[in-house]
Structures are given as structure tokens and as C-alpha cells.
Amino acid sequence: MNGKDDQELARLMRTAIAGDERAYGEFLRRASFLVRGLARRKAGQGGIDPEDIVQETLLAIHMKRHTWRTDEPITPWLYAIARYKLIDAFRRRGRHVEVEIGEIAEIFAAPEPETVSDREIGRALAMLAPGQRSVVAAISVDGRSIGETARSLNMTETAVRVALHRGLAAIARRFGRD
Amino acid sequence: MDTNELIKALAADTQPREPSLSTTWRGAVAMAVALAAIVFFATLGPRPDFATSIETIRFLFKFVVTITLAGTALLVAHALSRPGSAWRRAMPYLAAAPVLLALAVIFELLALPPATWSARLIGTNSVLCLTFIPLIGIGPLAIFLMVLRHGAPTSPALAGAAAGLLAGGIAAAFYAAHCPDDSPLFVATWYTIAVSILAVIGAVAANRIARW
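Residue numbers (my numbering), protein chains in the order written: chain A, 1 to 178; chain B, 1001 to 1212.
Do not rely on the hints blindly, as some may be mistaken.
Stated by the list, open to error - Okay, the calculated bits of chain B under chain A, using three or more residues with CB under 8 Å as the criterion:
hint	region
1	1007-1013
2	1019-1030
3	1115-1126
4	1151-1159
As the list claims (entries may be wrong) - Derived, one-sided and incomplete: chain A residues facing chain B with beta-carbon distance under 8 Å:
hint	residue
5	ARG29
6	SER32
7	GLY122
Stated by the list, open to error - Not the full set, but computed from the structure, chain A residues with beta-carbon under 8 Å of chain B:
hint	residue
8	GLY19
9	VAL54
10	GLN55
11	LYS64
12	HIS66
13	PRO76
14	ILE121
15	LEU125
16	MET127
17	GLY131
18	SER140
19	ILE146
20	PHE175
If you are wondering where the hints come from, they were derived from the structure by calculation, not from laboratory data.
Note that CB positions come from ideal geometry on N, CA and C, so glycine has one too.
Given only the sequences and the hints, what does the whole structure look like? Please build it.
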């Protein structure tokens, strides 16, 4: 990660904030590579699934994206969130982890071949109200668009958007909480 | 749900992002000052000789130190509410109010005969001070804790303590307009204790409610 990569990442986020869904998807994908590098090296020690950290961090990035100032570098913000989520995951398990800022070497880690596992996010999804759960699952797991989801569930697009937004917020709140 | 599926769901959630933190902090400070003013005027009000005491340096100094505390605490609380901010670089500003107060104490000790020191320190109003600074500041503190919840403090307890200092600075500035004890010896003792109470409440509360 150098200044140029940060600028590119920041540009994607600014485009996303302006309403570009594809830029946002690309931003999140690249962010997941960065976070995965950190999570793999740190989480393994405590019996924590690194991918849980990646997902929890992505949710936090999404819910807290208004805390990034659009004129500032974005990687320090992103790593601070990942670090907080990592430390928080250890804290919840009654352990302690040191994550020094200097240690956050810029390592990209591509997605692992996805083994289907019982991720925390699966449990959080299962706890949602049925309406929200079917909307979130249709868009994420089934890969449907907002419009397709609205038709298949016999809802308006606005209702789908609201259910998706609330469902994701609820998942972010419940993530990792028993 | 694997990570790519999660990304699809997040990208599809195109609700406009919430107002920026800077905007939220500005609104919160305005609300907090208004709330503190309402509580202050409803309960205590300025002291009767307020207009004439404006000219005395000890009276004015109380506002200098409390407003300095509020301003520097706002800077630090704002930085602590944002991930990746350079909050450590903002921390030294917090020393401004204590340093001002320490200098004022030294001048006061030089200016007054030792026999009067303890009377000035104890003053006449310490119980009122310890009651009303926390009372005026608790509403503003609640507002600032909501801002921290809206933000993303990576050190919630520290951010809560800074929010408590901010609320304490605002409350103490109002209280200072009522209190007849103007000696820096009084301010350094009782205001400090009263503001610390709010900082501790802020740290404990934020540690519970500002996790995210």
C-alpha cells in the first residue's frame, strides 16, 4: 500500500458516497484484501476465524462511513477500524491481543477458497426478523438486485431498500454478541 | 454468508450516508450550551454583582480557564470519535487549562498573605460547586455521549472522559457566573473535583454505550 493506492481507494469511496454502487463494491473488495492480511496474521493465535474479523470490519466500515473525512487518506481510517474490531473480538473471548500500528504491514491477502463454515455472520443473519432475513439473503447469497428481490418477494423497491438497510444495521449490532 | 456475498449486500445498501461527524459535533455543542444555559438560569442564575465583577481579573479568569478547558476537550473528543485520527497529537492541548490554572495559583499565592490561603481555598460555596457543576453538565454530557455513539471511538473510555471534560468545562463556565468565590485556589480545588466527576461518569458510560 502506497500513497497512490490510498488515493485510488479514497477515490473509490468518494465515488461510492456520490451514489455509485459498483465503485462501492470495488472499494469493499479491496478493503477486504487489506483487512484479511492483518486478520490472518493476528486472529489465528486466539482461535478466531480471520474471516469473521474481515466481515465484521466490512460491516463497521459500512455503518460508520460517515466518520471518514473525504479529504483525508483512507487507509489509516480503515486499519483503525480493523484493529478495533480485532481487539474487540479478543476482548469478547476474554483474551488480549497487541496490535501495534507499526505492525500493520501493508499485506494484501486474496480471498481464501471459501470453505463453507458456520460464520458468526450466519448466526447474526439467522437472528433477523423473517422479512429482513429474506431480503438480505436474496441480495447477498442469491445475488439478486433490488428490483429482482422486490418482484420475487412481492414488495416495493423502497420497502426492500429499507429492509436491507435495517437488516444490515441489526447484523452489525449483533455481530459476535452472544 | 461468505464475504463476497456480504459485499453484495453492503453495496446494494445505497442509503445516503449519515451527516458527517464535524456537523454532528457542531450541532451537539450548540445544543449542550443551550441546555446548560437553561438549567443554569432556572436554578442558580448569575450572581447579583455580575456586571461590576466583570472588571475584576479573578472573576474573568474563571471564564478563561473553563472555556479553554471546553475548547481543548472538544478538540480531543472530536479526534477520539474518529478512527485513524491523530488524536495523540491533540492530547497535549488538554494541558492548557491546567497550566493556566497552575500559573494563576502561583500568582495568587504570591499576592496573598499565607494566613488567608486556607480561607480562600475553602471559600463559601464548595458544596454548591460540587453539586451544580455536575448537575449543569450531566445533560450536555448525555448529548456528547450520543455523538460518540454516532461516531466510532476506538478508545471508548478515553473518548468518554474527554466528553466529560467538555461537558465539565461548559458547566463550570456557567457556574462561574454564579459563584462568589473567585480565588484561583478555590477554582483549582473544587472546580477540578467537580469536572473530574463528569469525566469519570463519561468514561464509564462511554465504555458501555459507545462500543460499536
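Going through the hints against the structure:
1. Check result for the region 1007-1013 of chain B against chain A: holds, 7 residues qualifying (beta carbon to beta carbon below 8 Å, three or more required).
2. Given as covered by chain A, the region 1019-1030 of chain B passes the check, having 4 residues with a CB less than 8 Å from a CB of that chain where 3 are the minimum.
3. Given as covered by chain A, the region 1115-1126 of chain B fails the check, having 0 residues with a CB less than 8 Å from a CB of that chain where 3 are the minimum.
4. Here the region 1151-1159 of chain B counts 3 residues with a CB under 8 Å from a CB of chain A, which clears the bar of 3, and the coverage holds.
5. Hint on A:ARG29 holds. Least Cβ distance to chain B is approximately 6 Å, under the 8 Å limit.
6. Using the Cβ-Cβ criterion of 8 Å, the hint placing A:SER32 at the interface with chain B is satisfied: the shortest such distance is roughly 6 Å.
7. Against a cut-off of 8 Å between C-beta atoms, the interface hint on A:GLY122 holds, since the closest Cβ of chain B lies about 6 Å away.
8. Using the Cβ-Cβ criterion of 8 Å, the hint placing A:GLY19 at the interface with chain B is satisfied: the shortest such distance is roughly 6 Å.
9. Taking 8 Å as the C-beta contact cut-off toward chain B, the hint placing A:VAL54 at the interface holds, the least distance being around 6 Å.
10. Residue-level restraint check for A:GLN55 holds (minimum Cβ-Cβ distance to chain B is 5 Å; threshold 8 Å).
11. Taking 8 Å as the C-beta cut-off, the interface hint given for A:LYS64 holds, the closest approach to chain B being about 4 Å.
12. Checking A:HIS66 against chain B: minimum C-beta separation of about 4 Å stays under 8 Å; hint holds.
13. Interface restraint check for A:PRO76: the shortest CB-CB distance to chain B comes to about 4 Å, inside 8 Å, so the restraint holds.
14. At its closest, the beta carbon of A:ILE121 sits 5 Å from a beta carbon of chain B; the interface hint therefore holds under the 8 Å criterion.
15. With a cut of 8 Å, the hint placing A:LEU125 at the interface with chain B holds, because the nearest CB-to-CB distance is about 6 Å.
16. Hint status for A:MET127 relative to chain B: violated, with the closest Cβ pair at about 13 Å, above 8 Å.
17. The closest approach between the C-beta of A:GLY131 and any C-beta of chain B is roughly 15 Å, which is over the 8 Å cut-off, so the hint fails.
18. Here the hint on A:SER140 is kept, as its CB sits about 4 Å from the closest CB of chain B, short of 8 Å.
19. The closest approach between the C-beta of A:ILE146 and any C-beta of chain B is roughly 6 Å, which is under the 8 Å cut-off, so the hint is satisfied.
20. Restraint check, A:PHE175 versus chain B: the minimum CB separation of about 10 Å is more than 8 Å; hint violated.
Of the numbered hints given earlier, the model fails hints 3, 16, 17, 20; all others are met.
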